[in-house]
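Q: Build out the structure end to end from the sequences listed, making use of the hints.
Chains as they are written, first to last, in numbering that gives the first Met the number 0: chain H, 0 to 278; chain B, 0 to 316; chain X, 0 to 147; chain A, 0 to 343.
For the record, the hints were derived by calculation from the structure and aren't laboratory data.
This one's a predicted model, so the numbers in the text were calculated from it and none came from an experiment.
Any given hint could turn out to be false.
[What the hints assert, rightly or not] Dumping the calculated DSS-like pairs for lysine-lysine here, alpha-carbon to alpha-carbon at most 27 Å:
no.	chain 1	residue 1	chain 2	residue 2
1	B	K204	A	K123
2	X	K126	B	K200
3	A	K218	H	K230
4	X	K83	B	K316
5	A	K289	B	K72
6	B	K190	X	K136
7	B	K72	B	K98
8	B	K190	X	K113
9	B	K190	X	K126
10	A	K123	H	K218
11	B	K273	X	K126
12	B	K316	X	K113
13	X	K48	B	K283
14	A	K64	X	K136
15	X	K113	B	K204
16	B	K98	A	K123
17	A	K64	X	K55
18	X	K83	B	K200
19	X	K83	B	K300
[To be verified] Computed far set for chain A versus chain B, every beta-carbon distance over 10 Å:
no.	residue
20	T18
21	D39
22	P77
23	N78
24	C104
25	P325
[Said to hold, decoys possible] Derived, one-sided and incomplete: chain X residues facing chain B with beta-carbon distance under 7 Å:
no.	residue
26	K48
27	M51
28	R82
29	I94
30	D97
31	K126
32	C128
33	P130
34	L132
35	L139
Yeah, the Cβ is synthetic: ideal placement off N, Cα and C, and Gly gets one too.
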Amino acid sequence: MNNPYLPYPVRIADIVVDSPDKSLRTFKFEFLDPEDENRFAYLPGQFAELSVPGQGEIPIGIASSPTEKGYVLFTVNRVGQVSSFLHNMKPGDIMGIRGPLGHPYPVDTLKGKNIVIIASGFAVTTLRATVVWLLHPDNRSNYGRITFVYGARSPGHLLFREDWEAWQKRDDIDVFVAIYKPVDGWTGKVGFVPAVLQEICPPAENTAAIICGPPIAIKTTQPVLFEAGYKPENIIMSLENRMKCGLGICGRCNVGPEYVCKDGPVFTLAQLNELPPEY
Amino acid sequence: MSNLDTLTQKIREKAKSLLEGGQADVVIGYRTGTVPLMAAPFFARTPQDCDQLVWSSFARLNLANYLPGRTEKVALVAKGCDARNAVGQVAENQYPKDKLFILGVPCSGQVDAAKVAAKEPRPIQTSEETDDSIKLTGPGYSTDLKKEDVLRRNCLTCAHRTPTLANELVGPEVPSLPTDDFSDLTALLAKSSEERLTYFKDLIKDCLRCYACRNACPLCYCPVCFVDETRPQWLGKSTDPMDTMTFHLLRGLHCAGRCTACGACETACPVNIKVREFNRVLDKTVKENWSYEPGLAWDQKPPLTVYQPNDPADFIK
Amino acid sequence: MSEFEPKVVAFFCNWCTYGAADLAGVSRLDYPPNFRVVRLPCTGRLNPKFIMEAFKRGADGVWVSGCHPGDCHYIAGNYYARRKFILLHTLLESIGVDPNRLRFSWISSAEANKFQAMARDVIEHVKACGPNLTFRKAELQLDLPEVA
Amino acid sequence: MPEYLVKENALADFFRELTQDRRLLTPQGQGENCRLEETDPSKVSLEYTNTHKSPKECFFPQTEKLLAFSKEADKPHPNEYRDLGDKAVATVIFGLRPCDARGLCVADKVFQNDRFTDPYWKGKYEKTLKIGLACLNPSPQCFCAAMGGSPFGEAGLDVLAYPRDKGLGLKTLTEAGEALIKTTKAEPGDLKSEIADLEKKAIEAQGPIDHFVAINERKIMELYKAPHWPTTAEPCLGCGVCTFFCPTCHCFDIQDEANERGGIRMRNWDTCMSALFTQHGSGHNPRPSKTERIRQRFMHKLKYIPIKQDGVRGCTGCGRCVVMCPANIDIRSVAALMAQTQAS
Numbered sequence: 000m001n002n003p004y005l006p007y008p009v010r011i012a013d014i015v016v017d018s019p020d021k022s023l024r025t026f027k028f029e030f031l032d033p034e035d036e037n038r039f040a041y042l043p044g045q046f047a048e049l050s051v052p053g054q055g056e057i058p059i060g061i062a063s064s065p066t067e068k069g070y071v072l073f074t075v076n077r078v079g080q081v082s083s084f085l086h087n088m089k090p091g092d093i094m095g096i097r098g099p100l101g102h103p104y105p106v107d108t109l110k111g112k113n114i115v116i117i118a119s120g121f122a123v124t125t126l127r128a129t130v131v132w133l134l135h136p137d138n139r140s141n142y143g144r145i146t147f148v149y150g151a152r153s154p155g156h157l158l159f160r161e162d163w164e165a166w167q168k169r170d171d172i173d174v175f176v177a178i179y180k181p182v183d184g185w186t187g188k189v190g191f192v193p194a195v196l197q198e199i200c201p202p203a204e205n206t207a208a209i210i211c212g213p214p215i216a217i218k219t220t221q222p223v224l225f226e227a228g229y230k231p232e233n234i235i236m237s238l239e240n241r242m243k244c245g246l247g248i249c250g251r252c253n254v255g256p257e258y259v260c261k262d263g264p265v266f267t268l269a270q271l272n273e274l275p276p277e278y
Numbered sequence: 000m001s002n003l004d005t006l007t008q009k010i011r012e013k014a015k016s017l018l019e020g021g022q023a024d025v026v027i028g029y030r031t032g033t034v035p036l037m038a039a040p041f042f043a044r045t046p047q048d049c050d051q052l053v054w055s056s057f058a059r060l061n062l063a064n065y066l067p068g069r070t071e072k073v074a075l076v077a078k079g080c081d082a083r084n085a086v087g088q089v090a091e092n093q094y095p096k097d098k099l100f101i102l103g104v105p106c107s108g109q110v111d112a113a114k115v116a117a118k119e120p121r122p123i124q125t126s127e128e129t130d131d132s133i134k135l136t137g138p139g140y141s142t143d144l145k146k147e148d149v150l151r152r153n154c155l156t157c158a159h160r161t162p163t164l165a166n167e168l169v170g171p172e173v174p175s176l177p178t179d180d181f182s183d184l185t186a187l188l189a190k191s192s193e194e195r196l197t198y199f200k201d202l203i204k205d206c207l208r209c210y211a212c213r214n215a216c217p218l219c220y221c222p223v224c225f226v227d228e229t230r231p232q233w234l235g236k237s238t239d240p241m242d243t244m245t246f247h248l249l250r251g252l253h254c255a256g257r258c259t260a261c262g263a264c265e266t267a268c269p270v271n272i273k274v275r276e277f278n279r280v281l282d283k284t285v286k287e288n289w290s291y292e293p294g295l296a297w298d299q300k301p302p303l304t305v306y307q308p309n310d311p312a313d314f315i316k
Numbered sequence: 000m001s002e003f004e005p006k007v008v009a010f011f012c013n014w015c016t017y018g019a020a021d022l023a024g025v026s027r028l029d030y031p032p033n034f035r036v037v038r039l040p041c042t043g044r045l046n047p048k049f050i051m052e053a054f055k056r057g058a059d060g061v062w063v064s065g066c067h068p069g070d071c072h073y074i075a076g077n078y079y080a081r082r083k084f085i086l087l088h089t090l091l092e093s094i095g096v097d098p099n100r101l102r103f104s105w106i107s108s109a110e111a112n113k114f115q116a117m118a119r120d121v122i123e124h125v126k127a128c129g130p131n132l133t134f135r136k137a138e139l140q141l142d143l144p145e146v147a
Numbered sequence: 000m001p002e003y004l005v006k007e008n009a010l011a012d013f014f015r016e017l018t019q020d021r022r023l024l025t026p027q028g029q030g031e032n033c034r035l036e037e038t039d040p041s042k043v044s045l046e047y048t049n050t051h052k053s054p055k056e057c058f059f060p061q062t063e064k065l066l067a068f069s070k071e072a073d074k075p076h077p078n079e080y081r082d083l084g085d086k087a088v089a090t091v092i093f094g095l096r097p098c099d100a101r102g103l104c105v106a107d108k109v110f111q112n113d114r115f116t117d118p119y120w121k122g123k124y125e126k127t128l129k130i131g132l133a134c135l136n137p138s139p140q141c142f143c144a145a146m147g148g149s150p151f152g153e154a155g156l157d158v159l160a161y162p163r164d165k166g167l168g169l170k171t172l173t174e175a176g177e178a179l180i181k182t183t184k185a186e187p188g189d190l191k192s193e194i195a196d197l198e199k200k201a202i203e204a205q206g207p208i209d210h211f212v213a214i215n216e217r218k219i220m221e222l223y224k225a226p227h228w229p230t231t232a233e234p235c236l237g238c239g240v241c242t243f244f245c246p247t248c249h250c251f252d253i254q255d256e257a258n259e260r261g262g263i264r265m266r267n268w269d270t271c272m273s274a275l276f277t278q279h280g281s282g283h284n285p286r287p288s289k290t291e292r293i294r295q296r297f298m299h300k301l302k303y304i305p306i307k308q309d310g311v312r313g314c315t316g317c318g319r320c321v322v323m324c325p326a327n328i329d330i331r332s333v334a335a336l337m338a339q340t341q342a343s
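A: Structure representation (structure tokens):
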């Protein structure tokens, strides 16, 4: 029987330090058994448990898009025991990943719609995956106008620079990247994400918003969307709760009757309005 | 009117007047439990609430446990041990003295539910108490037990049954009992080291690591307990016997000299471990070396926060 | 079977016993190599959980050594520590841990000879106790299934 | 499915026959000492109220090893976690109380949910035949009937037994149960009306508690915002005894332990009464105080699980938490408060 607790063995192919304080690193993993890559079939918005032998597991959103073959990407913030250990691992080391877990962003039901994607801080990871997926030639024509808003503390804290710089040059996506405080040499936008969004917010008609970020950013972004006429069922968010099993069994990620790991982490604001605010 | 009823009456009257007079925002006492042999913690905030306050011999939890971190003015219904713990918490800066009113209840001992269960294994429906007996009823039977036969073991050697530093006593003082002479412990310590290790390992073999003993203990108020520390993680989370032993040993050490033998830990333990056995080894040492007893003065310094230049330590070479 | 070589975890105060060990070394006083030293700023820093951790992970003995009473670099750290040691020593002995597995000493940085003698004494007694089989965590049973 | 009789003098043989190719667990001892143990067939006792701990530990032990890795293994790779497999053996449990059997059903729906199957639970659960023992005299702290069960409840059982003239009456409930009883010398008999009478009597002995129904009619957020939660939670010690003894509580923590040769990944019971249970690495805690945690426990039992499991409650009325809670937080009283919540 397939054991959902058993991670796929992977090798760390590459590690990129993503922030000036070195608290963010992006890990590129390759599956040791190429068959496992097919078994690990995922969509943007899903997450996986990174399994460090002898240390434990951490649930992390998948930063790569399934359209990128041969590897998977995860950006990890150093906070606890496992992530600190992981930050000290080296390319070539063997560990595990277990997943994909949770539900993806509802890319199927969004077909035919305009999408505005709003990212704050390093929560950009699964949204980066979403944009890469949407822009892929197989998918782009299924969607309307795509807007990408992204803010971070400083230019150094902006992840995936190569990606969004490339997107800025395309004409099938509007890209707005901002930093919170002005810095010498920065010619882009300055301000918090809600302020930037207010400036450029696309009309609500036939449009869905996907938000990911720390609780405060999510909280302050919602009023801007309401003002622009977005309905709760068209505001899509991803929750982050403490998790262990990722399978809807171990119980700690409950928000009301829902398990964030199994039934989420993606919820619409309309769904969340019916649930206790325990996230 | 039985002595218990008189105490209940006095507690209610005093509680009401403290709330009405603004000397207390909340009276922490006991109410009648929803199951037999139980007096449950109860927080009275209005004079009407006070009518639910009771005194009984089932008031086993230590209410001083609810003091640390509280901002309201508290009137604490306290047995001798609870009162000493409240004083200890004031001494350890966990609760301000000027917000505390100790409503002392001279205590003639609390009933051990496990001892009752050993004498009456049938399911118990109700328990009624008189001054010296307990009447139990269950499906198709009723029995009387003598209270003195089913008191907790810590209550049998209680040297401070009347609260020592109460703001007010609700009843006449009860005579003190001869203090714990640790005679059973002395006999145990005379055994071989293998026998002792087996005894202590056996003592905790059923431990679930639920930490009810810690949570029921008025001494355990650390914001993060060592068992919950993660970096580094000092204790494995499994049922490994050595992790369990480490928990009990370190918990004992943390409470050394501060324990008032209130027995709340053993009351709370769902698998009836004699948790206090570890504390008693230490209490004995503290008493012999430094003749310290906790909770007898507002400015007392716990024995591990002070030293004597000539503390006895022949084992250090 | 070769003679049992115990593993002893030693907690030494930086200001005295650690120096004594150094001095013993440069004075070419030989002593058994069975201990792994953890340097502390003061024996007052010694939390009993360190000692339990050592035993849990399978140490056969623990040796704690600091400054003589009255000589503490921080004035009174070892006086406070001494009270902890009294309780810890009594507690472990009472529950049936051989007191020879947990040793305490005061050794100043000038006392290389005392250090040598104490080191020999500690190891000799731990050897006499034999391997620590009863006061440690169970070995992890990996029992991995055979890979096809 | 038919009924059978086992006479007093055939009882020991009956239990011996049950153990032919499987181990037999039955409750042994009284009160605090009553636990499910592998049993000598001649010493099965029918005299007990409830096992001290719930039988969930037979399927979901407090500590269970899941995976292991070796740093040395070169096949296929060092540091690769491998499945330690399910080591379940064929078992028959005699003497599950109907409340506990229902509890196992609730947990089973979590361990085998709409998306994932827990292999460790499944192996043990499916290799165990469950013979219930109905309660002729429910304990005063029992309230299974109020929770939608019965002292003669059949959910989760293969066979329901009850004490009868110092022997047993049996009712088989599943094909597997019928096959098992067929391997014994139990005699066929018609017990339908007797069972109905005994069940009625046992339910009446418990007395009705009806406020659980009103909870079904309240919305999640109405109950969540009810004013009584802070006072309900105030006496709570946060020990989690209620969760450890509960037959439906199934939460666990996953932990790794390693040494220089390798390591294991295991799971251990955990409790939603602990602050650490939900605390993020960042320090943020969605349920920061015992008010939220107590609310979570009762909402989970009485509201969330019924939503997810077609109305079946997460409390089966076994009464363990009622008896065990050191602070006497009684789910029956809490349910009464929840039922009084006003609809908004």
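Q: So which hints don't hold here, by number, going up?
A: 8, 10, 11, 15, 16, 25, 31, 32, 33, 34, 35
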